[in-house]
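There are 2 protein chains.
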Amino acid sequence: MGEFELLAKVRARLPQPGPQVRLGSGDDAAITVPGGATATSVDALVDGVHFRREWSSPAQIGHKALASALSDLAAMGAEPGEAYVVLGVPTDLNEDDCLELLDGIVELAAASGTSLVGGDVTRAPALTVAMTVVGHAPEPEQMVARAGARAGDVLALSGEIGGAVAGLLALERPQLAAGVAAATAERLRARQLEPRPRLAAGRALAGGGATAMIDLSDGLGGDARHLAAASGVGLQIEADALPLDLGVAEIAAAAGRDPLELAAGGGEDYELLVTLPGERFEAAAAAVSESGTTLTRIGTVVAGEGVEIRLPGGALLEPAGFDQLS
Amino acid sequence: MGEFELLAKVRARLPQPGPQVRLGSGDDAAITVPGGATATSVDALVDGVHFRREWSSPAQIGHKALASALSDLAAMGAEPGEAYVVLGVPTDLNEDDCLELLDGIVELAAASGTSLVGGDVTRAPALTVAMTVVGHAPEPEQMVARAGARAGDVLALSGEIGGAVAGLLALERPQLAAGVAAATAERLRARQLEPRPRLAAGRALAGGGATAMIDLSDGLGGDARHLAAASGVGLQIEADALPLDLGVAEIAAAAGRDPLELAAGGGEDYELLVTLPGERFEAAAAAVSESGTTLTRIGTVVAGEGVEIRLPGGALLEPAGFDQLS
Numbered sequence: 021m022g023e024f025e026l027l028a029k030v031r032a033r034l035p036q037p038g039p040q041v042r043l044g045s046g047d048d049a050a051i052t053v054p055g056g057a058t059a060t061s062v063d064a065l066v067d068g069v070h071f072r073r074e075w076s077s078p079a080q081i082g083h084k085a086l087a088s089a090l091s092d093l094a095a096m097g098a099e100p101g102e103a104y105v106v107l108g109v110p111t112d113l114n115e116d117d118c119l120e121l122l123d124g125i126v127e128l129a130a131a132s133g134t135s136l137v138g139g140d141v142t143r144a145p146a147l148t149v150a151m152t153v154v155g156h157a158p159e160p161e162q163m164v165a166r167a168g169a170r171a172g173d174v175l176a177l178s179g180e181i182g183g184a185v186a187g188l189l190a191l192e193r194p195q196l197a198a199g200v201a202a203a204t205a206e207r208l209r210a211r212q213l214e215p216r217p218r219l220a221a222g223r224a225l226a227g228g229g230a231t232a233m234i235d236l237s238d239g240l241g242g243d244a245r246h247l248a249a250a251s252g253v254g255l256q257i258e259a260d261a262l263p264l265d266l267g268v269a270e271i272a273a274a275a276g277r278d279p280l281e282l283a284a285g286g287g288e289d290y291e292l293l294v295t296l297p298g299e300r301f302e303a304a305a306a307a308v309s310e311s312g313t314t315l316t317r318i319g320t321v322v323a324g325e326g327v328e329i330r331l332p333g334g335a336l337l338e339p340a341g342f343d344q345l346s
Numbered sequence: 021m022g023e024f025e026l027l028a029k030v031r032a033r034l035p036q037p038g039p040q041v042r043l044g045s046g047d048d049a050a051i052t053v054p055g056g057a058t059a060t061s062v063d064a065l066v067d068g069v070h071f072r073r074e075w076s077s078p079a080q081i082g083h084k085a086l087a088s089a090l091s092d093l094a095a096m097g098a099e100p101g102e103a104y105v106v107l108g109v110p111t112d113l114n115e116d117d118c119l120e121l122l123d124g125i126v127e128l129a130a131a132s133g134t135s136l137v138g139g140d141v142t143r144a145p146a147l148t149v150a151m152t153v154v155g156h157a158p159e160p161e162q163m164v165a166r167a168g169a170r171a172g173d174v175l176a177l178s179g180e181i182g183g184a185v186a187g188l189l190a191l192e193r194p195q196l197a198a199g200v201a202a203a204t205a206e207r208l209r210a211r212q213l214e215p216r217p218r219l220a221a222g223r224a225l226a227g228g229g230a231t232a233m234i235d236l237s238d239g240l241g242g243d244a245r246h247l248a249a250a251s252g253v254g255l256q257i258e259a260d261a262l263p264l265d266l267g268v269a270e271i272a273a274a275a276g277r278d279p280l281e282l283a284a285g286g287g288e289d290y291e292l293l294v295t296l297p298g299e300r301f302e303a304a305a306a307a308v309s310e311s312g313t314t315l316t317r318i319g320t321v322v323a324g325e326g327v328e329i330r331l332p333g334g335a336l337l338e339p340a341g342f343d344q345l346s
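If you're matching them up, the sequences are chains H and A in order.
Our numbering runs 20 ahead of the 1-based position in the first sequence.
Our numbering runs 20 ahead of the 1-based position in the second sequence.
Keep in mind that a hint or two might mislead.
Copies of the same chain are indistinguishable here, so a pair counts whether it falls within one copy or spans any two.
The list that follows gives simulated cross-link-like pairs (lysine to any residue, SDA-like), each with its CA atoms no further than 25 Å apart [said to hold, decoys possible]:
1) Lys29 - Ala249
2) Lys29 - Ser132
3) Lys29 - Ala79
4) Lys29 - Glu325
No wet-lab data here; the hints were simulated from the structure.
This is chain H alone, in the form it adopts within the complex (with noise of 0.2 Å):
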């Protein structure tokens, strides 16, 4: 099958898209009329880097590539509007797949609210999917960066973390699960295969005073590094205040690990790291908890500059390196 026979089922296969897009899929271009600010981020996965086929079907490939896509918007607070992909792919993925791991992507963008409204088909050596996502606000200053953390705001997490990489370590050695329920097993495979990202809740904290923003990708340590050499800052965290995910104890405890140093440097559980002035920490947690999720005080912003995450004892905590997918 060429590149035009596979676009053209694809296209097929797209839902009508928002009411933006005034020129769909098909085109040299997609045409939109943004009405306000736009955020757009890139985001690529390539097979062997960032999933492995064989822990992965075709459509749990594609929701991860959208899905990691769009934990950049939430991270900025935005609406979703349009994606675009780009798809490599090798030539032991046969049309099926493609259209299997296209339907992957349709499935997330219908649920989120985004439109899929163009796309790229090449041969590469290995399966790779790029993705652009647009969002949208009515005014630049309603989308949050990184920058904006002062000294004296609230450190605060959405969410648990630890399960992405909980879950990529019951993958590598299933032994590792046979000491948490099947059903969480399942649960923590599933954040490392088809994380979901927290955009109701990065509204929710955009419209709740958040003065800076990131979602976790690399890693709690990693991220909030980024965020405090953004704004200026320190960060102090509270290691027992980490919201670990359920299992996360157990597999860390087989595998020989410390909970709280894997669930700190493990990448991939798409989580928000958020800074807000105190006074608004309140009713940003009430927020996000009808977004469907929690809000959990990690810490404070600090004068200065790095990460220290802190042990009740005093110690400091190093973020485990973890030869993690990423």
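Fit chain A to the given chain H structure using the hints.
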């Protein structure tokens, strides 16, 4: 060198972005305020499929990736705005090569008024450059899709064709270029390795009454069919009106190929194929001429479907199926 170090070095080389960019590279997403309609296109180049590292310098690969993406904006008549790059880096591409590739992108970006404001870097088994470009126009109606051609319109072509495929032949078998001047052979190779998007000509045509437009990436034969199908019309092309690049006839002859078949079948010329009402052709040609290239009338839009390329004696020319890089 890690991804973050490379990205920091890249950002340090970027010129100041345009005024529509409110937040450039380095955050979760770039923020822009388009102020009208946008045209967005994605395009990927993969080593061994769209270029060969033994023929192209890293700067030429970066240039070609942006040029082929911007050509889609030229075909909409849009003003170039922002670009986002995904770089898939194999282990044998070193840091200097990466930065030279980015320099190739940045140079064309600056020359074309495009702001490079985001990107992603990942490991990959083969050098991959996926480019997203966003163009602008005050109103969506000022952009030109493929679908507006009407029976009776003139069919016209910017510049000359056949140069990119002749340049490819000259790269594959240098002896084929023995019969042309060295400067001509060099110019043909440059058409293959460093294509120039027809941005100014595209804007001139959009403002000059173009009813449909497409850029020639797959070759005149194939791209004319795309335009005809999108518009629901037929296209009659006069083969002896086709403007061939200097040296194409000689290289085709040396390769034992018919020059017109070669030029009509060869891709990557990135010229614009456009339809417009006959009474607007002369003024449009004058406007294109001011942009530094030519506009040649090559045929007519007719009722019906499909594309016929007719030789002077009345026989039909079949664009060569050419085993090209594409």
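Fill in: Intra/inter-copy verdict for lysine 29 and serine 132 if alpha-carbon distance must be at most 25 Å
The answer is within: 22 Å in one copy meets 25 Å, while 34 Å across copies does not.
Practice prompt. Please work out whether the CA atoms of lysine 29 and alanine 79 approach to 25 Å or closer within one copy, between two copies, in both situations, or in neither?
Written response: within (16 Å within a copy, 36 Å between copies)
Worksheet entry | lysine 29 and alanine 249: within-copy, between-copy, both or neither at 25 Å Cα | Intra 46 Å, inter 16 Å, cutoff 25 Å: inter-copy only.
Worksheet item: Which holds for lysine 29 with glutamate 325 at a C-alpha limit of 25 Å: within a copy, between copies, both or neither?
Response: between (52 Å within a copy, 21 Å between copies)
Of the hints listed earlier, there is not a single one the structure fails to meet.
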